[in-house]
Amino acid sequence: MTTIEAADRGLAYGDGLFETLRLRHGKSEWWSEHFARLTWGCRRLGLPVPSASDLCAQIAAAVAENPSGDRGVLKLTYTAGSGARGYRRPDPIRPTVLIQCGPVPDRIAAWQAQGVSVGLQPTKFPGVPHLTGLKHLNRLPQVLCRQTCSEAMDECLMMSPEGLISGGIQSNFFWFEEGCWHTPPVSGAGIAGTVRATLIASLGVRRTPLAPGRLAMAEAAAMTNSVWGIVPVRAIQGRALSLAPVQGLADRYAALPEPDGTLPVQETAWWRVARGEPMMNE
Numbered sequence: 251m252t253t254i255e256a257a258d259r260g261l262a263y264g265d266g267l268f269e270t271l272r273l274r275h276g277k278s279e280w281w282s283e284h285f286a287r288l289t290w291g292c293r294r295l296g297l298p299v300p301s302a303s304d305l306c307a308q309i310a311a312a313v314a315e316n317p318s319g320d321r322g323v324l325k326l327t328y329t330a331g332s333g334a335r336g337y338r339r340p341d342p343i344r345p346t347v348l349i350q351c352g353p354v355p356d357r358i359a360a361w362q363a364q365g366v367s368v369g370l371q372p373t374k375f376p377g378v379p380h381l382t383g384l385k386h387l388n389r390l391p392q393v394l395c396r397q398t399c400s401e402a403m404d405e406c407l408m409m410s411p412e413g414l415i416s417g418g419i420q421s422n423f424f425w426f427e428e429g430c431w432h433t434p435p436v437s438g439a440g441i442a443g444t445v446r447a448t449l450i451a452s453l454g455v456r457r458t459p460l461a462p463g464r465l466a467m468a469e470a471a472a473m474t475n476s477v478w479g480i481v482p483v484r485a486i487q488g489r490a491l492s493l494a495p496v497q498g499l500a501d502r503y504a505a506l507p508e509p510d511g512t513l514p515v516q517e518t519a520w521w522r523v524a525r526g527e528p529m530m531n532e
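If you read the sequence shown in our numbering, its first letter stands for residue 251, the second for the next number, and so on.
Just so you know, these hints were derived from the structure itself, not from any lab. Note that this is a predicted model, so its numbers are computed, not measured. Where is the CB? At the ideal position from N, CA and C, for every residue including glycine. Be aware that a few hints might be false.
Claimed, not checked - Label pairs and their in silico Cβ distance ranges:
| # | residue 1 | residue 2 | range |
| --- | --- | --- | --- |
| 1 | Asn388 | Ala360 | 27 to 33 Å |
| 2 | Ser452 | Gln487 | 27 to 33 Å |
| 3 | Ser400 | Cys306 | 39 to 45 Å |
| 4 | Gly429 | Asp341 | 30 to 36 Å |
| 5 | Glu315 | Val378 | 24 to 30 Å |
| 6 | Gln487 | Pro514 | 40 to 46 Å |
| 7 | Val393 | Ala490 | 28 to 34 Å |
| 8 | Val378 | Thr512 | 39 to 45 Å |
| 9 | Glu412 | Ala363 | 33 to 39 Å |
| 10 | Arg502 | Ile254 | 36 to 42 Å |
| 11 | Asp320 | Gly526 | 33 to 39 Å |
| 12 | Asp356 | Thr398 | 51 to 57 Å |
| 13 | Gly498 | Ala466 | 20 to 26 Å |
| 14 | Gln487 | His275 | 36 to 42 Å |
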């Protein structure tokens, strides 16, 4: 059993980052994209950037010990390590690496086939510009949004302080309008997803600000994250949407070659797309 010290800064202050990956044949899918985001996050937070080879070795060991490892889900948590009480970090920082493996949730296959029902959370959740897009450990806005979202909804759209839709609680949002796919720019509590980056970089998805009223123009919509892949939205706020355009997008995504795991972070789709997100570069 993996343990974490009570004095760990990830537990005490949320001082750290995480990545969630799908496993296929015991290997991390789209690893180079996830490592690029982790590297960006470490630089933004002032944490030591881990060695990719060391992380891969730790992941391989964890997968080998877990029965879900061949085709499952892996969560990598990377914290600022343990230290004395108070907000100042220890010097030097000795990061904690926590790796958890588990099965793919059963509901995902049904969602991919039948679509999800999505609601809209009217509360405007503030973001911290320096943390925009990162998978940091502070997830209270998402927790609160999930608590107030109807149980009848599989996912809920979150609002930025400017009153624009930033994405789902645990996913990125895409909509199909007049022959083009769009996704909101990263803002507020939104996450710069790895699937999102690939769709923008390789399939020409446009970054377009999304006010709630524009949802009425959506002919189809999808939610994405690294575990779900691309999931169609069957209804938003009770309004039915077409599933057919989403299947076309999913087929094109599935046909993309996965980059080599040794690809330099600056050459990954995630890094290139992040450089084009104004709020991630303030």
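For each hint, the structure was consulted:
no.: 1; hint: Asn388 x Ala360: 27 to 33 Å; result: holds (31 Å)
no.: 2; hint: Ser452 x Gln487: 27 to 33 Å; result: holds (30 Å)
no.: 3; hint: Ser400 x Cys306: 39 to 45 Å; result: holds (41 Å)
no.: 4; hint: Gly429 x Asp341: 30 to 36 Å; result: violated (55 Å)
no.: 5; hint: Glu315 x Val378: 24 to 30 Å; result: violated (36 Å)
no.: 6; hint: Gln487 x Pro514: 40 to 46 Å; result: holds (43 Å)
no.: 7; hint: Val393 x Ala490: 28 to 34 Å; result: holds (29 Å)
no.: 8; hint: Val378 x Thr512: 39 to 45 Å; result: violated (33 Å)
no.: 9; hint: Glu412 x Ala363: 33 to 39 Å; result: holds (35 Å)
no.: 10; hint: Arg502 x Ile254: 36 to 42 Å; result: holds (41 Å)
no.: 11; hint: Asp320 x Gly526: 33 to 39 Å; result: holds (36 Å)
no.: 12; hint: Asp356 x Thr398: 51 to 57 Å; result: violated (25 Å)
no.: 13; hint: Gly498 x Ala466: 20 to 26 Å; result: holds (22 Å)
no.: 14; hint: Gln487 x His275: 36 to 42 Å; result: holds (40 Å)
The structure is inconsistent with the numbered hints 4, 5, 8 and 12, although it conforms to all the rest.
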